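J.: Listed in order, the protein sequences are those of chains S and Z. Going by the working numbering, the first residue of the first sequence is number 30, and it counts up by one from there. Going by the working numbering, the first residue of the second sequence is number 2, and it counts up by one from there.
To be clear, the hints were calculated from the coordinates, so they are not data collected in a lab. As the structure is a prediction and not an experimental result, all values here were calculated from the model. Hints should not be assumed to be uniformly reliable.
Calculated lysine-lysine pairs in the DSS-like style (CA-CA distance at most 25 Å, straight line) [said to hold, decoys possible]:
no.	chain 1	residue 1	chain 2	residue 2
1	S	K267	Z	K37
2	S	K99	Z	K114
3	Z	K133	S	K324
4	Z	K51	S	K324
5	Z	K30	S	K267
6	S	K324	Z	K141
7	S	K78	Z	K141
8	S	K267	Z	K100
9	S	K324	Z	K54
10	Z	K109	S	K99
11	S	K267	Z	K54
12	S	K99	Z	K100
13	S	K267	Z	K155
14	Z	K44	S	K324
If we take Cβ atoms under 8 Å as the criterion, some of the chain Z residues that face chain S in the derived model are [claimed, not checked]:
no.	residue
15	D34
16	A47
17	G140
18	C144
19	A146
20	H148
21	R149
22	I150
23	R152
Even for Gly, the Cβ is constructed at its ideal location relative to N, Cα and C.
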Amino acid sequence: MGKSLPRRLGVIVGVLIVLALAAFWILTIPATVPASALPPYTPNLANGKTMFNAGGCASCHAVPNADPDKVDPTRLGGGLALPCPFGTFYVPNISPDPKDGIGGWSEADFVSAMWNGTAPGGRHLYPAFPYTSFRHMQLADLRDLFAYLKTLPPVPGAVRPPDLVFPFNIRRMVGLWKLLFLHGGPFVADPVKSAQWNRGAYLVNGPAHCAECHSPRNPLGAIIESERFAGGPTPDGKDWVPNITPAGLRQGDNAKSPWSEGDIASFLSDGMTPDGDFVGGAMADVIRNTSQLSKDDRAAIAAYIAALPPRQGPTPPPQKKD
Amino acid sequence: MIRTISAVASVAAIALGLSVAIAQQDVIKTRKDLMKANGDQAKIGADMIKGAKPFDLAAVHKMFAAFQNAAQKMPDLYPAGSQNESGSPVADKFSPTDKVWSDMADFKSRFAKFANDAKAADASVKDVDTLKAALGNIGKNDCGACHRIYRVEKKG
Chain S
30 MGKSLPRRLG VIVGVLIVLA LAAFWILTIP ATVPASALPP YTPNLANGKT
80 MFNAGGCASC HAVPNADPDK VDPTRLGGGL ALPCPFGTFY VPNISPDPKD
130 GIGGWSEADF VSAMWNGTAP GGRHLYPAFP YTSFRHMQLA DLRDLFAYLK
180 TLPPVPGAVR PPDLVFPFNI RRMVGLWKLL FLHGGPFVAD PVKSAQWNRG
230 AYLVNGPAHC AECHSPRNPL GAIIESERFA GGPTPDGKDW VPNITPAGLR
280 QGDNAKSPWS EGDIASFLSD GMTPDGDFVG GAMADVIRNT SQLSKDDRAA
330 IAAYIAALPP RQGPTPPPQK KD
Chain Z
2 MIRTISAVAS VAAIALGLSV AIAQQDVIKT RKDLMKANGD QAKIGADMIK
52 GAKPFDLAAV HKMFAAFQNA AQKMPDLYPA GSQNESGSPV ADKFSPTDKV
102 WSDMADFKSR FAKFANDAKA ADASVKDVDT LKAALGNIGK NDCGACHRIY
152 RVEKKG
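In isolation and in its complexed conformation, chain Z is listed as follows (with noise of 0.2 Å):
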């Protein structure tokens, strides 16, 4: 009985362990495509800026759309332990620092704060000027300055 009891008080553990294990990889890999996705919209901006694309007002706000959705869904997605590198199979040359955990507020309050900026410069873009102002203004104080603090580099 008490061996019964055991194993599947085991078998429990295990599944749970492994459950855990996985939710760990899933909100790595959600992460990190919701910045890949985020990465791609801000080529399409910087393209326009460069001339490299024709100006698109309906794609730049599809590129704040996608900044809005990220940043809304991004501080549920670094529970405790899942500090990456265990979830290998979506590893890949960033990591998050030890700081996201540490700091976990400032980290945060930085996502409400990009919010704020993609919807505000999503209502302030006309042209490929304002653009400039808007995407520049994002990429320093937003992406760059929480990369600053929050990510590092694992691999060149």
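For reference, chain S alone in the conformation it holds in the complex (with noise of 0.2 Å):
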């Protein structure tokens, strides 16, 4: 008796470590949408490119360069560097080439991935790519998007994987932090609202993922949900994203008065903020995009960030003193 009771326990503790191990695989299996989930469908290409547009993709996934006017935004090949707490990821390419990009995606593959976060093969993509937020897509937006990105050119050349620090480097582990984080269908319009506070929420939390940015995070990369558009630091800690809440949208350095919604619209028409500033930094990339949407689609996200409750966000760094 007194030689198997080590053993016995030595049995139990490594029964319990495989079942964790299995709990582990099964609680962290890539999620995917099958083909049969999609109906026959004919895509409005124009609709893509107002996705496209919305969703600012070529920020990240266009081919980067020193100067940013020469950044051809029909060429996603991908490369740019994000650095940010857990390591740096490099922007993949979403080009239609057949080997280095999405060229050879079928349609249920891209809805994964925008949905789920989920490459092809089951492979669990990193939330640096917002799908927390495209997961509030229409499934019709998504087809459209899809076939528009089909026409843009193909650039060859693969991207290198990302280089994070363990234990974020071990792609398994991001199937618990969507258990924790991924949570939502597509977006459900509040019937009390108007159509316009509605277009603008969907534009606004779906393919803009506005919050995606101007949010604070929690230690393990989740946006802190009580202070969602309340602003922070940028993943690389350098600088400061601002409140777009009430709270946050002042005109002038001290004044009383928010933003009002045609300030808001115009800005995302010409970058121009109400005090005569014209926005400079990654929000310029933005207005790039926001600028070729619609003057109802703008006006509607304005309708929305100006009817958001004010938050109080994480107050800025005292500026280093020397």
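Two chains, two separate frames, one set of hints: put the complex together.
T.: This is the structure in structure tokens:
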């Protein structure tokens, strides 16, 4: 008896480890959308282009250039480095190149990536790709977008894989992250609100994924829901993304009056703030995309943003003094 | 004697360092004030375009003159070592990117273009429509295009 007790304990521990690994494996199986879930459909390329501009796909996926004016938004060869606390992501090639891009993807592959963050072959994509927002897009819009992407020029060139620190470099871990933070489904309109507000809510929270930059994130890199849209540091920690709730979008340095719907709409059209300033940095790239949207879509985004509940976000660090 | 010389030398070095620091703060404040003035002027023009203010050609001339003035002075206001943040008393939500210093020739050439565009705009504006075209062009291709590369936001 004295000899078999440790042996029995060992067996129990071994079984528990196997069970834990099996549970981890089952819980982290990447979800996909089967081709059978996609009924016959004729895509609308014009709407696909609208989704492309609303989503700002080119801002991350276009081949980078030191001079942003020389970036061709139709050449989606990827390669841009995105440094963050977990390491560095390199934006993938999503041009229709059959070998290095998504030319070999089926429509179901594309929908699985956008809704579930799953790449062909059942591989988790990291949430640096904002499928947490794209999950709220309508199926027809995704199919239109996929058809539009297929019309763009193929760009050869494989992009290097992400360079992440342990344990974030274990891709299967993303499955646990999704269990915690990937929720909801396609956008459902609020019948109490206006059609314009609903269109704005859809664009902002789905394709345009505004909150992905304009919200603070927790230590696991997920948006802090109570401070959604309330601004925060950039992923590399160097700069700051503004609060875009009415608590943050103020005219002048200390003025009491928030931006009006008209202010927001015209800002999305030409990049000029109500103070006469022209925005720079990453938002200038966003303006490049939003300026391509219809006036109605910009007005809808403005209506939704102006009606956000005011929220206080994190406090920016004090400027360095020496 | 040696002690005196070294004392004098260190006082001189401190004074020099201090005056350099003050000079850096001065250029940072000067360039911020010029940019702020540009924004204030652009707002007046934008208000005319939106119909919030009546069209006023004299004010339009004043705006484009302010742009040209700033464009001429700005290139000399980014000496080495004035990478902001060091100038804490005048640091605010915006800061120049490191590219200002690594691509100084391009950075300066953008002010030359800005001055030219402002001058051409001043000659072209006759009414609200021509103002809209001229200010829209400058906002996008001068202000916005340059801020996109050379300016970052440091706080919300």
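J.: All the hints need checking, so say for each whether the structure fits it.
T.: Evaluation of the provided hints:
no., hint, result
1, S/K267 - Z/K37, "holds (23 Å)"
2, S/K99 - Z/K114, "holds (17 Å)"
3, Z/K133 - S/K324, "holds (17 Å)"
4, Z/K51 - S/K324, "holds (15 Å)"
5, Z/K30 - S/K267, "holds (22 Å)"
6, S/K324 - Z/K141, "holds (18 Å)"
7, S/K78 - Z/K141, "holds (22 Å)"
8, S/K267 - Z/K100, "holds (14 Å)"
9, S/K324 - Z/K54, "holds (23 Å)"
10, Z/K109 - S/K99, "holds (19 Å)"
11, S/K267 - Z/K54, "violated (39 Å)"
12, S/K99 - Z/K100, "holds (16 Å)"
13, S/K267 - Z/K155, "holds (8 Å)"
14, Z/K44 - S/K324, "holds (22 Å)"
15, D34, "violated (14 Å)"
16, A47, "holds (6 Å)"
17, G140, "holds (5 Å)"
18, C144, "holds (4 Å)"
19, A146, "holds (6 Å)"
20, H148, "holds (3 Å)"
21, R149, "holds (4 Å)"
22, I150, "holds (6 Å)"
23, R152, "holds (4 Å)"
Against the hints set out earlier in the document, violations occur for numbers 11 and 15.
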